[in-house]
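Based on the provided sequences and hints, a complete structural model is requested.
There are 4 protein chains.
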Amino acid sequence: MPREVRFLLLMENYRYTEEMEVRDYECDLSGIVNNANYLHYLEHARHKFLNAVGISFVDWVAQGVHMVVVRIELDFLNSLRSGDRFVVGVNTERISRLRFGLLQDMYRLPDHHAILKAKVIATVINEEGRPVLPKTLESLLTD
Amino acid sequence: MPREVRFLLLMENYRYTEEMEVRDYECDLSGIVNNANYLHYLEHARHKFLNAVGISFVDWVAQGVHMVVVRIELDFLNSLRSGDRFVVGVNTERISRLRFGLLQDMYRLPDHHAILKAKVIATVINEEGRPVLPKTLESLLTD
Amino acid sequence: MPREVRFLLLMENYRYTEEMEVRDYECDLSGIVNNANYLHYLEHARHKFLNAVGISFVDWVAQGVHMVVVRIELDFLNSLRSGDRFVVGVNTERISRLRFGLLQDMYRLPDHHAILKAKVIATVINEEGRPVLPKTLESLLTD
Amino acid sequence: MPREVRFLLLMENYRYTEEMEVRDYECDLSGIVNNANYLHYLEHARHKFLNAVGISFVDWVAQGVHMVVVRIELDFLNSLRSGDRFVVGVNTERISRLRFGLLQDMYRLPDHHAILKAKVIATVINEEGRPVLPKTLESLLTD
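Chains A, B, C and D, in that order, give the protein sequences.
In terms of my numbering, the first sequence opens at residue 1097 and continues consecutively.
In terms of my numbering, the second sequence opens at residue 1097 and continues consecutively.
In terms of my numbering, the third sequence opens at residue 1097 and continues consecutively.
In terms of my numbering, the fourth sequence opens at residue 1097 and continues consecutively.
In case anyone wonders, no lab produced these hints; they're calculated from the structure.
Among the hints, a few may not be true.
Identical chains share a label here; the pair holds if one copy fits it or two copies do between them.
[To be verified] Lysine to aspartate or glutamate pairs mimicking EDC-like chemistry, simulated, CA-CA at most 16 Å apart:
#, residue 1, residue 2
1, K1144, D1180
2, K1231, D1171
3, K1144, D1155
4, K1144, E1169
5, K1231, E1189
6, K1215, E1169
7, K1231, E1115
8, K1215, E1117
9, K1215, E1189
10, K1231, E1117
11, K1213, E1189
12, K1231, E1169
13, K1231, D1180
14, K1144, D1207
15, K1215, D1171
Structure (structure tokens):
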């Protein structure tokens, strides 16, 4: 399949994509990105996605509202190395009445070699300490 | 159940335990440990466990042998906060001919409140780029 | 000079010492601890020292009081590697009416090989946004 | 001074500039970027600058050549917060026969509010363990 077509498919398949670049300090002594940094990349893409739909993690914290990650599944398919550019795609999924999933895939650029597949399951705890699903999030899960 | 008994159970249930303490820089603006740092804690406990049975991650890298994590499942049960002490317990499990699992649980100290359950599935790639299960690891999975 | 004597000198020379151990994820692709992690080590030792004299960074933040670092000087003398143990010694110094210095030295263990010398200059901003020097800190600088 | 003019001045004053954005995980419980992350930002900008003039940190490591930072001076002028964009400017300076300085300033965008001034003094250790100043670096210090 020619590269141009794959690129278009990728871009259309996700609700949100964020491009990033590996920084040298993110690589460990095995010469590749240290596993924990993939969680950093995923969190950053997730927060940017939520920002784009009007949800600010920082504002929520200031109001005593917390998005709480309850489970993460990570499939490591290939490693990123110093200088690699990559894209994180984000999709959403309803898990239960109060839980939602963020499906996040990572591809190296420009060849779209698959790097990682992640499923992040979260809920929201409001200022009274109760789990809720705010309307802004609700609407992301239905359309 | 009295605390003393729970403590003894905990200590006997794992092949290896590593005690650590949350450092302030590991907490993010929501006031709790940032998710990615749990992967750091798990990796450190894992490497210490492997060191204790004679496997050095660093020496392996120097010989071109790499332990490759292929999947991680994390269940976040509670959060750690600034100053919390905690223990990471490590157990092993055979997954397939070439894959093994490290079951890692995290408890806050001194109350042994459960913080996180993790399953880390890995394999080893030797200097010729082939997946192998070195004897030192093999013996950890059988007894 | 025999090692035992050096050890005694070291222990007596600092107001506070904190022992730590290099974790593999703190090393970068050059095989040694990445520079930024020395700031992490120094911050952790500093916060532990302040805790020991009754100052909690976290409690201060909760009250709107912030310790603000205004300048850091770091002399890198030698590198730490995977598995190295080390000690951070902390001393205090008055810089000006509202500024104080924390002199922090790092030595590898058990040989006390010098790793790093740091001077961290800080002040405190109170809940009204004004620089102050709380009495607890003041007393650290005079005796 | 109108913003456009300041922007042009900034861009002309540095040999190299790198734009970046604060990620939420880089902020600590005081709500601002944790100090150690400024060293990460500076290192990334430095490596990108050196890459742009043909020096690859990673390739050097593979050849046994190491750029060694011997001293860092950091003046913290203002804090960066979640979501802030910023630019790191890099200039060079000869310090001695075998040492060079990288002068790195950080400004918030789009208002060019000064955040940090840094002086990073480094040397290069060749594959035989001797300090050298490779020609590529030498030429950066003379014109």
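Status of E1169 relative to K1215 across identical chains (alpha carbons, at most 16 Å): both (5 Å within a copy, 10 Å between copies)
Intra/inter-copy verdict for K1215 and E1189 if alpha-carbon distance must be at most 16 Å: Within one copy only: 10 Å inside a chain, 23 Å across chains, cut-off 16 Å.
Homomeric proximity label, K1144 with D1155: Cα distance no greater than 16 Å: So K1144 and D1155 pass the 16 Å test inside one copy only (13 Å; across, 30 Å).
Alpha-carbon proximity context of K1231 and D1180, limit 16 Å: Neither. Shortest intra-copy (37 Å) and inter-copy (27 Å) distances fail the 16 Å Cα cut-off.
Intra/inter-copy verdict for K1231 and E1115 if alpha-carbon distance must be at most 16 Å: neither (28 Å within a copy, 35 Å between copies)
Within, between, both or neither: K1144, D1180 at alpha-carbon 16 Å: between (20 Å within a copy, 13 Å between copies)
Intra/inter-copy verdict for K1144 and E1169 if alpha-carbon distance must be at most 16 Å: neither (20 Å within a copy, 24 Å between copies)
Within, between, both or neither: K1144, D1207 at alpha-carbon 16 Å: neither (23 Å within a copy, 22 Å between copies)
Homomeric proximity label, K1231 with E1117: Cα distance no greater than 16 Å: neither (33 Å within a copy, 28 Å between copies)
Intra- versus inter-subunit Cα pairing at 16 Å for K1231 with E1169: Neither: 26 Å inside a chain and 29 Å across chains, both beyond 16 Å.
Within, between, both or neither: K1231, E1189 at alpha-carbon 16 Å: within (15 Å within a copy, 42 Å between copies)
Intra/inter-copy verdict for K1231 and D1171 if alpha-carbon distance must be at most 16 Å: Answer is neither; intra-copy 30 Å and inter-copy 26 Å both fail.
The structure fails hints 2, 4, 7, 8, 10, 12, 13, 14 (numbered hints given earlier, in ascending order).
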